[in-house]
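Peer 1: In this note's numbering, the protein residues as written are 27 to 191.
There may be inaccurate statements among the hints.
To be verified - Label-pair distances were calculated between CB atoms; the ranges are:
#, residue 1, residue 2, range
1, GLY105, ALA136, 20 to 30 Å
2, LYS32, ALA82, 19 to 29 Å
3, GLY112, ASP148, 16 to 26 Å
4, GLY75, ASN106, 17 to 27 Å
5, VAL95, ASP54, 30 to 40 Å
6, LEU92, ALA149, 39 to 49 Å
7, ASN106, VAL74, 46 to 56 Å
8, PHE76, VAL36, 32 to 42 Å
9, ALA136, ASN106, 14 to 24 Å
10, MET174, PRO140, 21 to 31 Å
11, ALA122, GLY75, 23 to 33 Å
12, LEU104, ALA144, 37 to 47 Å
Rather than coming from a laboratory, the hints here were simulated on the basis of the structure. All C-beta atoms, glycine included, are put in the ideal place defined by N, C-alpha and C.
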Amino acid sequence: MTRAPKRQRVAALTACAGALAYTVSKVDLALKKELGMPGFPAPAKSYVGFGDVTAAQLGNAGLGLLMAVVALLLVRPLGNAFVRWGTIVVSWVGIAMVGAGVIGFGARAAGVAPSLGATPPDAAPAIAALAVGAIWAAAWAVATTGAMHGRRRFLPGRQEISYQS
């Protein structure tokens, strides 16, 4: 096994773990009927006219599960070009969303974007949430890039997938 396939698997599994951490955090917030992110509580005015907080957070948890499945599809990219490139496109959209979230919540935590909300009341969970998000986005980008550079090679009598960087 060359280094590229192992790096591909580790990055994809790390991205999956990040998505699952997001999912668990959203289920926890749903059970508490809270908006926001871990370490970043939503202001009280966010609840006015919002509707069902639990349903919204469980919907976010469902999105987290979907992102975990997409990351798992990158563990070993499928030979079907449609599925492979569909996974790659969805992954880049997800990476952009997670990355934007990390940047936005990072700006909020640093106090440079007061329009995004107050700085977190407790720094530890906010820093942990930002670290998980940053590692998740970086690992997902590594796994997606690896999937883009994988090449299929056909051998007589059987099909073999070769991962070459």
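Peer 1: Hint by hint, which ones does this structure get wrong, listed from lowest number up?
Peer 2: Hints 1, 2, 3, 4, 5, 6, 9, 10 not satisfied by this model.
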